[in-house]
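Starting from the known structure of chain A, arrange chain B with the ligands on it as the hints suggest.
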Amino acid sequence: MNSIEQLLTALIIIVRYGLSNSILVSTLAFFLGLILGLIFVFIEVLGGRLASWTVNLLVVILRGIPPVLLLFIIFYGLPSIGISLNNVVSAIIGLGLISGAYQSQILRSSIQAVAARQMEAALSIGLSKWSAYTSVIFPQALRLSLPGLVNEYTIILKDSSLAYAIGVVEAFTQAVHIAQARFEYFTPLLAVALLYLAICFSLSQVVNYIYLKLRVLGYGQ
Amino acid sequence: MGSDKLLFIEDLHKYYGKHHVLKGVNLAVNEGESVVIIGPSGSGKSTLLRCINLLVKPDKGRIVFDNEEITTGKIDVRRVREKIGFVFQHFNLFLHLTAIENVMLGLIKVKNYPREKARRIAEEALLSVGITEELWNKYPAQLSGGQQQRVAIARAIAMEPKLLLFDEPTSALDPELIGEVLKVMEKLANEGRTMIVVTHEIGFALKAADRVVFFDDGKIIEEGSPEQVILNPKTERARRFLFSIRELYRLE
Ligand SMILES: Nc1ncnc2c1ncn2[C@@H]1O[C@H](COP(=O)(O)OP(=O)(O)OP(=O)(O)O)[C@@H](O)[C@H]1O
Ligand SMILES: [Mg+2]
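These protein sequences, in sequence, are chains A and B.
Take any residue in the first sequence, count from 1 to its spot, add 2: that is its number in this note's numbering.
Take any residue in the second sequence, count from 1 to its spot, add 213: that is its number in this note's numbering.
Note that these hints are calculated values from the structure, not bench results.
Check before you lean on any hint, since a few could be wrong.
Computed spacing ranges between beta-carbons, pair by pair [said to hold, decoys possible]:
1. B/Ile458 with A/Leu52: 47 to 55 angstroms
2. B/Asn325 with A/Phe74: 50 to 58 angstroms
3. B/Arg328 with A/Phe33: 46 to 54 angstroms
4. B/Asn325 with A/Ser111: 29 to 37 angstroms
5. A/Val70 with B/Ala354: 39 to 47 angstroms
6. A/Thr56 with B/Tyr229: 23 to 31 angstroms
7. A/Tyr211 with B/Gln441: 22 to 30 angstroms
Part of the chain B face toward chain A, derived, beta carbon under 7 angstroms [as the list claims (entries may be wrong)]:
8. Asn266
9. Leu268
10. Arg291
11. Phe299
12. Phe307
13. Gly319
14. Lys322
15. Pro327
16. Leu348
17. Lys351
18. Tyr352
19. Leu356
Here's a subset of chain B near chain A, in silico, CB distances under 7 angstroms, partners left out [unchecked claim]:
20. Arg294
21. His309
22. Val323
23. Met372
Just so it is clear, CB atoms sit at the ideal spot from N, CA and C, and this is done for glycine as well.
Extracted from the complex, chain A is given alone in its bound form:
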């Protein structure tokens, strides 16, 4: 087998037997993070002092934990207090929790970017604060957040390789398995790197497209 063939077979094996888990873990973690991010930001914006202080503290903690440590805590640590989760679920929850902290910050900064003047305009036609948020501020903040959220997805996708540490067979794990079987690391690792790169590159094109659309709507410059 020449090296191109080795690269291609490694790629095929990784796509067939690893990538689906990478995508599954990162997509579910992303949406878990989005839901958490929305909840966090709702509480920060609409909740009282104490509630938003608590959320802030939680965000600081979640951002301060190395992802792999959190995965270990959930997968190996929680069983000792009676909560046993399988490794895929642990990875989704761990990465989702951390992503929730980041996504809440992405959302919050977009809310701040639209808030003041749009809020005044919304209130001045007689909308309630709730309607102002749900029909004016949040829809715009979500649009403004889209580039950041897609970026966040690429970060989770890459971070999902950490699930290797708790035995989830995802793309990176599969590459390592191939390497161990072939006694040759370079080609399979190159294959999986190219794969991550291709996905991230495509998503960065999506981000550019979103920026373009946003500019048409008059956001940013």
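Positioned in the frame of chain A, the structure of chain B with the ligands alone reads:
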């Protein structure tokens, strides 16, 4: 207080921290009257307008609007704002909504009109400010500043407010676009709408205002007919300020 008084402001004060911004404003506006407020930057004109529709809470004094004191705690703020249209210096259109959706939002969410009825009213309001059908489905960013401000005016008048507040509606516009907005405002004044306009456009004041108020340092310094206040102010401060503005606009 006569019943023809739509708005009655008495000894209004506002502080931002220690900064005393409104220092006892007294102003009464009759139904159908258009009042122009002129005054230097930072004198508190925007703050006064914001107090009137309760975007800012005054610290002392009374505002009676439509026969009801609105500066008490019990008041339903939304119902008051619904009756007061506000036109902002920077238009503040909702960027994610098209021109017509901007006008419809309040009709649907505040007045609870069905979509069809809201659309009909919005179309009428847009036409009345000269925004024709081909612009209805454009987003604010696709419109010129003058068109955006006219949509903003349509958004305000579609709610059928009893009072319209304009906060320097033309000062963010390119000079060639100012005229189209002033024309709409003149038309509104001539229709007998009650409005308070903060502006430095003294040409507009002379043509459309029933009364001009000169505002400085958180207080009304002088008020009277447009000719009197603009062309022949009594106080030195007003004279100096209006002189500099007239220079600027090369009027007379
Ligand atoms: N939210 C705020 N917090 C603190 N200070 C404020 C706030 N809004 C206005 N001010 C201050 O109050 C004073 C009056 O402001 P205001 O905007 O009412 O003046 P203005 O007459 O409308 O001026 P301009 O012609 O610049 O619009 C200014 O000194 C301003 O800095
Ligand atoms: Mg102002």
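Results for each hint:
1. B/Ile458 with A/Leu52: 47 to 55 angstroms: 51 angstroms, holds
2. B/Asn325 with A/Phe74: 50 to 58 angstroms: 54 angstroms, holds
3. B/Arg328 with A/Phe33: 46 to 54 angstroms: Violated - the Cβ-Cβ distance for arginine 328 of chain B and phenylalanine 33 of chain A, about 31 angstroms, lies outside 46 to 54 angstroms.
4. B/Asn325 with A/Ser111: 29 to 37 angstroms: With a Cβ separation near 34 angstroms, asparagine 325 of chain B and serine 111 of chain A satisfy 29 to 37 angstroms, so the hint holds.
5. A/Val70 with B/Ala354: 39 to 47 angstroms: 44 angstroms, holds
6. A/Thr56 with B/Tyr229: 23 to 31 angstroms: Given about 30 angstroms between the Cβ atoms, the range holds.
7. A/Tyr211 with B/Gln441: 22 to 30 angstroms: 59 angstroms, violated
8. Asn266: 6 angstroms, holds
9. Leu268: Nearest chain A Cβ about 6 angstroms off; hint holds.
10. Arg291: 5 angstroms, holds
11. Phe299: 4 angstroms, holds
12. Phe307: Hint on phenylalanine 307 of chain B: holds, closest Cβ of chain A at ~6 angstroms, below 7 angstroms.
13. Gly319: Holds, about 4 angstroms.
14. Lys322: 5 angstroms, holds
15. Pro327: With Cβ-Cβ at 17 angstroms, over 7 angstroms, it is violated.
16. Leu348: At 15 angstroms from the nearest chain A Cβ, leucine 348 of chain B fails the 7 angstroms test, so the hint is violated.
17. Lys351: 11 angstroms, violated
18. Tyr352: 6 angstroms, holds
19. Leu356: 10 angstroms, violated
20. Arg294: 5 angstroms, holds
21. His309: Result: holds, 5 angstroms to nearest chain A Cβ.
22. Val323: 4 angstroms, holds
23. Met372: 6 angstroms, holds
When each numbered hint is compared with the structure, violations occur for hints 3, 7, 15, 16, 17 and 19.
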